[in-house]
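Same order as they appear, the protein sequences are chains C and E. Heads up, the final residue of the first sequence is numbered 259 in our numbering, and it's a clean run with no missing numbers. Heads up, the final residue of the second sequence is numbered 1383 in our numbering, and it's a clean run with no missing numbers.
Bear in mind the hints are in silico, worked out from the structure with no lab data behind them. There could be a bad hint or two in this list.
Coverage of chain C stretches by chain E, computed from C-beta distances (three or more under 8 Å per stretch; other residues unrestricted) [claimed, not checked]:
hint, segment
1, 68 to 77
2, 243 to 257
Quick list of in silico lysine to aspartate or glutamate cross-link-like pairs, EDC-like style, CA-CA up to 20 Å [to be verified]:
hint, chain 1, residue 1, chain 2, residue 2
3, E, Lys-1009, C, Glu-182
4, E, Lys-1083, C, Glu-182
5, C, Lys-196, E, Asp-1068
6, E, Lys-1047, C, Glu-14
7, C, Lys-195, E, Asp-1122
Going by beta-carbon spacing under 10 Å, a handful of chain E positions derived as facing chain C [claimed, not checked]:
hint, residue
8, Glu-1010
9, Pro-1040
10, Glu-1043
11, Lys-1047
Don't be surprised by glycine CBs; every beta carbon is placed ideally from N, CA and C.
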Amino acid sequence: MKILTTVKKVVDVELNIHIENGAIVEDGLQYVINAWDENAVEAAVVLKENNGAQTTLVSIGGEDNTDMIRKCYAMGIENAILIDEPSLAGADSFVYARVLQKVYETGDYDLVIAGKQAQDTDNGQTGIILSKYLDLPCVSNVISMEVMDETHIKVSRLGDGGIEIVELALPAVVTVSDSINEPRLPAMRGIMMAKKKKIEIMDLAKLGTSLDEVGGAKSQIVEFMKSKTRQGGQKFEGDAAEITTRVVDLLANEAKVFI
Amino acid sequence: MGSEIYFNKEHELVRKAVRDFVKKEINPHVDDWEEEGMIPLHELFKKMGELGFLGIRYNEEYGGEGLDYWYETVVLEECARIKCGGVPMAISVQSNMATPAIAQYGSEYLKQTYLKPALKGDMVTAIAVTEPDAGSDVAALKTTAVKQGDHYILNGSKTFITNGLQADFLTLLARTSDAPGYHSFSLFVVPTNLPGFQVSKKMDKLGMRSSDTAELYFDNMKIPVENLIGIEGEGFIQQMQQFQHERFAVLPLTYISVKDMIFETIEHLKGRIVFGKPLIKKQVLRHRLAHWLAQAESLQQLAYHIVRMKMKGQDVTRQISMGKLLGGDLLNDVSSGCLQMYGGMGFMNDMRISRLFRDSRLLSIGGGASEVMSEIITKTYGF
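Just chain E, same shape as in the assembly (with noise of 0.2 Å):
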């Protein structure tokens, strides 16, 4: 009720053409996924990709559809339908988080070269900023992209790499000076066929099970010039700002995913009974049931306005990061207080709702964690 405001037939066809493929080609393989550990990116992708599922809002020129912020909203709360937090993350590095720098910045070649084939799911990728001593304080990152006649020569280490198994090239933040500040770093396209480039491991998570993570090792890599993205120097920023894209891509699964949490745990309290009652008829838990679905319409509300702000070219910075910081606190609270409402059962690993409490604990703390988000927050007001 109310999103014929902000969506038109054309947004609801797209709603319906994402959920028909969410129903069909990826929930019916979600618990195989996450039993491997592992999604076939380059067999997904290539559908998603033909489809036109994966540039949204991209120019048409490089495999993108040219539309606006409404349609990528529309899928992103597709995508939130899907049964885990793992795939919707995995489609969310190659469309918000890893290609938005080399669309903005990126040169003609770039583009054609890697942006183009991401976007028709020819190839995967995956964001490579996060390192074993370079979380939340991005700045402290210590592999180094040494420049050489017509290379750069890349060593270091990333660490938990979303996609990192199976990409086929990364948006890597290398430092490439060593002076203070933040116009030291530089934003990279690095094939992963290249000498030099290892997964050391892949991880073992608690949550996002289908999702591969990987530590990644790089070894004297040379990579030419060209893929340098934008300007030696100004990766730090160019990062932050596609950040922006990755955080706000966040809301949408966050808020979809929420209410449908709370709407399953509904049904699940409407046949439960105890005491001779079903449980939904307690009072204590239908409060704290709308609580949630307050919350979860505030923070849903809050992304419709980043959207009309980001169709205004304005900033969001503040927005995003309060969204994401409310997202975090609301996943977490949300999943753990359902679980609780499932007793034993939602204890067990075949319910769905214990596969989302693992899941859902991850958003407080990657992505930028709640911690950092507050303190962005604080730094726009100034204080």
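For reference, chain C alone in the conformation it holds in the complex (with noise of 0.2 Å):
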């Protein structure tokens, strides 16, 4: 089984990013792998090592992506593909998901594990649109997974009622939940193999296509703005009844929640 993980590099969120005129100001930004996206290579190398499956990563954007290629290949990822292509600064999901496809259709793959969305834009698009020009089948917010066979796997979602249990032909595409795993911390041997290995640079020529064929994004995030902090609870003291009748009245009054 050969098996494509997607991987992006998102701001840290645990750091105070500040915003200036509507934009995120980059100066001292520092970046990570995306959370959803460590689960999809921690669910790749596990496949790996059950079942002998063979693990490409691919990443979009710079040389600065390197150093998460390194975490990931220290994780057991065994061969890592960088899109460096500056055209597609300002990209959409439907550009990433499109230049996806291109990569997948340069390999012999049997699954894509893509993280379920990015911590930055919390979209939740790529890997389903990426299905959709695969025309491919897809299952979305997945929390376990197992080899069935050597062309079907079968993976639980989560759904809004419950846990669903798929069985899924391959080739296919799988976006996966934080639940699914606990993503390995890298090894000192790890990280010392991983900075031997080559990263396989290809822009958008060598990759056989061009910013026309990929399309222009759809959509373009015109501002960003913080979110506003959450403002503490009120706190009530006196009996049941005077309580209850002063909560009722917030909520159907000022909340307005009863309709």
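Fit chain to chain and form the complex, with the hints in mind.
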């Protein structure tokens, strides 16, 4: 089984992010691997260890994506492709999915594993759009995965009403939840091996496509705003009947939650 | 800023890996361990050993990673991010205090049987030098190891032994001759599962509360001769050299801890409004913080200088002694001064500064007191 895992670099949201004039201030930003993509990498490595799968990672971005890729190598990924194409700046999920489609078509992949969403945009679209472009079955929000045979996998996905068990014919696309696994910490040995591994760097031309073919962004982020800080709650003291009356009144007349 | 002069991308990947480990596997448990007065060392070291964090600069043949002192510095700097002093100290005992002599002087048997499992995290170790009547005056120690056939008979006691309650083996210094001078001592690997070993008591301490500290007793323990480290009679010299690893290890732990303490205090002062203004606006406090930052930076640069000297194979005894002396004073000043800036809140046990204040007090005492460091420095200058 050949697996293609998609990995995105995102801003480390644990650090303070400053916004000026509707744009994120780049100075002092630090980047990390998107957390759900780290789950995707772990899932791929587990399939490698347990089922002998071959693992390839693809990431879109510049030279500064290489640290993240080397971390994935240290976790156990075997091959990596970096799509270094400056003209993709400002791309949206549709463009990324089209580029990933081209990458998929260069290999003989059986399974694409992507994180279910990215920490920075929270769109949750790329993996699903990719499956549409590839005309492959897709299961999202996957929380477990097992190989049934060479052409089928069984996955569990978390739906609104409960857990759904899905048997899936390969090739296919899955997007994984953070519940699927606990990504391993890279060991020293892996880190040292990772520095020697080659990263295949490609641009659109090398990928056999062009900006015209992958298309322009269908959407554009025009402004960033910080989300409002949640206000503290109110505390009521008194007997239960008084408090209930007061809370019901506030819910009805202030919060207007009753119709 | 400037760290890229010393650390490359691989160092930074290692830094990130250790930082993630500390964040995920250690810091969430620190409060519980402090409360319980015990770190589950076998469990923790097993995880660290599997990731290769315990044997950074040790030979790969014995479970190490075969890397240089810069990598070790990175690991120590990140261990300083642990939210207490007890856990880094326990780790440092395993990697920098009880194992260097085995790696440097031990036989192949000792390296395979004890060093390798220690670096893999399968065994917990402790360094057993201090005795009730022999602390800084190491040469005054009374524990004896008398050779009888193919064994040494060990009698005596050791005190203030970090990891002592959980150790599978001790690296122990004992007197092997009554003759005066420094050639009457030998270092041994002492397995704690042999008859005659006893933990006399678990000691209660002012700080470093998560780290277990024991008083140990040896009653006619039979130690196989193959557990002698190096040559009989050379243990004192070997231990003095082993101390250099121990004392270097405290430097990164100190300057990072000091800087973190200062930055945490700055955040507190920004939010603390007194007489209508944030306390951070008070020049007297700002200048004090700046002075400490300058001292911490100096200590950090001294540590980097020492690493460069070590990489060249030079004797670093003077510089390490200077670093430990300055570090002990700095930790005492900064922890006390920052606590003062927290005011009454700083006196509360649930505040981190309170724990840091208690933990900081040890550095100028343990592993060679500041007075001993001063004496070593004077000797290196010949006065």
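The hints, checked one at a time:
no. : hint                   : in the structure
1   : 68 to 77               : holds (count 3)
2   : 243 to 257             : violated (count 0)
3   : E:Lys-1009 x C:Glu-182 : violated, 25 Å
4   : E:Lys-1083 x C:Glu-182 : violated, 23 Å
5   : C:Lys-196 x E:Asp-1068 : holds, 18 Å
6   : E:Lys-1047 x C:Glu-14  : violated, 25 Å
7   : C:Lys-195 x E:Asp-1122 : violated, 28 Å
8   : Glu-1010               : holds, 5 Å
9   : Pro-1040               : violated, 18 Å
10  : Glu-1043               : violated, 15 Å
11  : Lys-1047               : holds, 9 Å
Violated hints, in rising order: 2, 3, 4, 6, 7, 9 and 10; the structure is consistent with all others.
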